[in-house]
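Asker: Letter by letter, the chains look like this.
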Amino acid sequence: MDEGLIARRYARALYRYALEEKVAEEVYEAMKAFDANAYSHPDLHRALGNPMLAPEKKERLIVAAIGREPGEALLKFIRLLITNHRETYMRLISFVYQKIYREANGIVKVNILTAEELPAEAMERIKAFVKRQTSKAIEFVHNVDSSILGGFILQVGSRQLDASLRKELKDIGLKLLGQGY
Amino acid sequence: MMKANEISDILEMQLKEVDVRRDFEEVGTVMEVGDGVAHVFGLEGVQANELVEFENGVRGIAMNLEESNVGVILMTAEDRVKENFRVKRTGSIASIKVGEGLLGRVINTLGDPIDGAGPIQGDLIQLPLDRKAPGVIYRQPVKEPLQTGIKAVDSMIPIGRGQRELIIGDRQTGKTTIAVDTIINQRKNFDKGDPVYCIYVAIGQKASSVAMLVNILRERGAMDYTVVVSASASDSAAMRYYAPFAGAAIGEYFRDSGRHALVVYDDLSKQAVAYREISLILRRPSGREAYPGDIFYLHSRLLERAARIISNDEVAATMNDLPDVLKPMVKGGGSLTALPVIETQAGDVSAYIPTNVISITDGQIFLETGLFHEGIRPAINVGISVSRVGGNAQLKPMKKIAGTLKIDQAQYRELESFSKFGGDMDPVTAMVIDKGRKNARLLIQPQHAPMLVEEEIAVIYCGTKGLLKDVALARVAEFEKFFLDVLRSHHREDVLMPLSKGVLDDKMSAVLEKVAEDAAQRFKE
Ligand SMILES: Nc1ncnc2c1ncn2[C@@H]1O[C@H](COP(=O)(O)OP(=O)(O)OP(=O)(O)O)[C@@H](O)[C@H]1O
Ligand SMILES: [Mg+2]
Numbered sequence: 061m062d063e064g065l066i067a068r069r070y071a072r073a074l075y076r077y078a079l080e081e082k083v084a085e086e087v088y089e090a091m092k093a094f095d096a097n098a099y100s101h102p103d104l105h106r107a108l109g110n111p112m113l114a115p116e117k118k119e120r121l122i123v124a125a126i127g128r129e130p131g132e133a134l135l136k137f138i139r140l141l142i143t144n145h146r147e148t149y150m151r152l153i154s155f156v157y158q159k160i161y162r163e164a165n166g167i168v169k170v171n172i173l174t175a176e177e178l179p180a181e182a183m184e185r186i187k188a189f190v191k192r193q194t195s196k197a198i199e200f201v202h203n204v205d206s207s208i209l210g211g212f213i214l215q216v217g218s219r220q221l222d223a224s225l226r227k228e229l230k231d232i233g234l235k236l237l238g239q240g241y
Numbered sequence: 037m038m039k040a041n042e043i044s045d046i047l048e049m050q051l052k053e054v055d056v057r058r059d060f061e062e063v064g065t066v067m068e069v070g071d072g073v074a075h076v077f078g079l080e081g082v083q084a085n086e087l088v089e090f091e092n093g094v095r096g097i098a099m100n101l102e103e104s105n106v107g108v109i110l111m112t113a114e115d116r117v118k119e120n121f122r123v124k125r126t127g128s129i130a131s132i133k134v135g136e137g138l139l140g141r142v143i144n145t146l147g148d149p150i151d152g153a154g155p156i157q158g159d160l161i162q163l164p165l166d167r168k169a170p171g172v173i174y175r176q177p178v179k180e181p182l183q184t185g186i187k188a189v190d191s192m193i194p195i196g197r198g199q200r201e202l203i204i205g206d207r208q209t210g211k212t213t214i215a216v217d218t219i220i221n222q223r224k225n226f227d228k229g230d231p232v233y234c235i236y237v238a239i240g241q242k243a244s245s246v247a248m249l250v251n252i253l254r255e256r257g258a259m260d261y262t263v264v265v266s267a268s269a270s271d272s273a274a275m276r277y278y279a280p281f282a283g284a285a286i287g288e289y290f291r292d293s294g295r296h297a298l299v300v301y302d303d304l305s306k307q308a309v310a311y312r313e314i315s316l317i318l319r320r321p322s323g324r325e326a327y328p329g330d331i332f333y334l335h336s337r338l339l340e341r342a343a344r345i346i347s348n349d350e351v352a353a354t355m356n357d358l359p360d361v362l363k364p365m366v367k368g369g370g371s372l373t374a375l376p377v378i379e380t381q382a383g384d385v386s387a388y389i390p391t392n393v394i395s396i397t398d399g400q401i402f403l404e405t406g407l408f409h410e411g412i413r414p415a416i417n418v419g420i421s422v423s424r425v426g427g428n429a430q431l432k433p434m435k436k437i438a439g440t441l442k443i444d445q446a447q448y449r450e451l452e453s454f455s456k457f458g459g460d461m462d463p464v465t466a467m468v469i470d471k472g473r474k475n476a477r478l479l480i481q482p483q484h485a486p487m488l489v490e491e492e493i494a495v496i497y498c499g500t501k502g503l504l505k506d507v508a509l510a511r512v513a514e515f516e517k518f519f520l521d522v523l524r525s526h527h528r529e530d531v532l533m534p535l536s537k538g539v540l541d542d543k544m545s546a547v548l549e550k551v552a553e554d555a556a557q558r559f560k561e
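Respectively, the protein sequence lines represent chains C and B.
In short: position in the first sequence from 1, add 60, done, that's the numbering used here.
In short: position in the second sequence from 1, add 36, done, that's the numbering used here.
Take the hints with a grain of salt, since some may be wrong.
Here are the simulated BS3-like cross-link-like pairs (lysine-lysine), alpha carbons at most 30 Å apart as the crow flies [stated by the list, open to error]: (1) B/K118 with C/K169; (2) B/K124 with C/K92; (3) B/K124 with C/K230; (4) C/K191 with B/K124; (5) B/K124 with C/K196; (6) B/K118 with C/K117; (7) B/K456 with C/K230; (8) C/K227 with B/K124; (9) B/K133 with C/K159.
Only some residues are given here: those of chain B computed to face chain C with a beta carbon under 8 Å [to be verified]: (10) E61; (11) E62; (12) G78; (13) K543.
Sample of chain B residues with no beta-carbon within 10 Å of chain C, all distances over it, derived [to be verified]: (14) M67; (15) D71; (16) G93; (17) N105; (18) S347; (19) A387; (20) V425; (21) K435; (22) L451; (23) F457.
Hints are computed from structural coordinates only; laboratory data are not their basis.
Ideal placement from N, C-alpha and C gives every residue a C-beta, glycine not left out.
Required output: the full structure, derived from the provided sequences and hints.
Answerer: This is the structure in structure tokens:
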């Protein structure tokens, strides 16, 4: 079974429907919100996969994860998903929907991860750097993760540049051990 | 900890140096982990069997390449990979470190030693686990024998270097013993300075069985030229699935450097089960007996890697899919012989995996529970065992004297089964049965006692010439021992030596007949 295919079909159908209903952008924002919540609550996926949980509860869970009024179109979609027992695909569908939306609207998502909060001026420089690489509109997300020790990890679409201190230390370690590939 | 302005300086510095194409890596996000597989969103350009690395350094192999959902097999430490982890491509295909230092060692699928004898020594090169087989123009026909030291095999089902011969039978019928004895028999070549390097791949066996087997090899001096790759029953499905690939990669190292190697896959039934497990976890569609549809392709790709390489060095150097690291050492004339093992259920060779592998190999040695319990060991069913190419590689005298042995033995078996219905037996039938019975006895051979080819020829000569007709059935083994003792002490130079070089003339035949006649007199009753 091609699970990617299932998710792509649902996501494409949702996108076309949302376009018709002129809510593609709202749905996009909702999907991002869902994604962020699913990220911080891994239990959500397990709960959706639980056959003992009533459909209404699953619907409420997904809506809660979106964290805002989903709108009529998206709500209809969520119900369809649950009726077809594809609710566990919600996460993958949200990924694919965002991808479709960004491609259609010439948006590139840029994630920057640093060990500490960044001053505005540094942020501007990174934005300028990314802008030079692409002609697309940029959607910028900044996260802080102290485990990368220093430097930064820059993710543009599905590609990343790892300039973190953690990686540098690891590379040096591997070289010293003669285990480089 | 760094200060914020330091970071921005570093950032600026690093941004200036960035080579966008080279330094950017493709990444994805783990959506789900379980049963040794991570489902990943992203990683769009990833290739089949490419190594990927999770943010905590754990590595996995990309197997299921669906758009927007890549299945990554985790070799170990699956509990350390979590949902939402970032995962990146490494650009390298799953590989194993190979070198001379592997000889004498027991390693796992990843090439890590598991024998407690410290790190693998010497130069090691990284070879891909999966590699395309050499094309037909880089091969040459099988023409040199691979002596197993087992009378029944070398005479009736001869194996040549570069051949793929299947060992198939129910559980506990002596499959492993045939393979192990063949490895032990390569000691002679090692002593002569012309080694056949051996790789024994244990798949899904108990760790204790593997340890016992390694002990046997070590006691017989076989570990000097042997590598054991083990993925035991308690290892992950991925380790068991990839173990034969690791064995093949090691074999190719010897093969492509102009040397001879033998690889045993014991057994591919268990590898098929591991593949089925993985496919179920990857939720792939399954076909017959719930095996994934491409399992035939999996086994054929693996066994195709056994080959006899063309002796011309220049042509060999242009071999397809030759890894760069092998290029400096490539030489023609090498070979990789494969002895895959398949376990059947109640002798059923028509099950899915057995039929597949039978159709891929150049023949099969079929072992039978019934014969095993009758004491016919090795328990080879002569009627349905064949070697399609090995005959061309047989030593001339062996080929000549054993030419009809296989057909005779199959015929005798049939006649004997009829004779069980009782009734009168004509003298010719009685004679055929008597000769067949004695030959069957003569072909019995204890385990871990491989024989020199010249002694095999001498013994089989007695059998096919009917020189045992006066020997009592129960004393065939004594006859054989005495006969060989006489040859060893009195006819080393004039008979055994020339036989080992493939010479058998009338004078030698006369000696063999005389010695056999004398011996037969001693073991009449
Ligand atoms: N030629 C032989 N003479 C006497 N005993 C033998 C011979 N070959 C094998 N045996 C014995 O038969 C038993 C089974 O042999 P072996 O382990 O080789 O079989 P197998 O088919 O590989 O078994 P399994 O299905 O468990 O892997 C062992 O105890 C072995 O010692
Ligand atoms: Mg066995």
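Asker: Are the hints correct? Go through all of them and say.
Answerer: Evaluated hints:
| no. | hint | in the structure |
| --- | --- | --- |
| 1 | B/K118 with C/K169 | holds (23 Å) |
| 2 | B/K124 with C/K92 | holds (22 Å) |
| 3 | B/K124 with C/K230 | holds (15 Å) |
| 4 | C/K191 with B/K124 | holds (23 Å) |
| 5 | B/K124 with C/K196 | holds (24 Å) |
| 6 | B/K118 with C/K117 | holds (26 Å) |
| 7 | B/K456 with C/K230 | violated (75 Å) |
| 8 | C/K227 with B/K124 | holds (13 Å) |
| 9 | B/K133 with C/K159 | violated (39 Å) |
| 10 | E61 | holds (6 Å) |
| 11 | E62 | holds (6 Å) |
| 12 | G78 | holds (5 Å) |
| 13 | K543 | violated (62 Å) |
| 14 | M67 | violated (6 Å) |
| 15 | D71 | holds (14 Å) |
| 16 | G93 | violated (7 Å) |
| 17 | N105 | violated (4 Å) |
| 18 | S347 | holds (34 Å) |
| 19 | A387 | holds (26 Å) |
| 20 | V425 | holds (39 Å) |
| 21 | K435 | holds (49 Å) |
| 22 | L451 | holds (55 Å) |
| 23 | F457 | holds (56 Å) |
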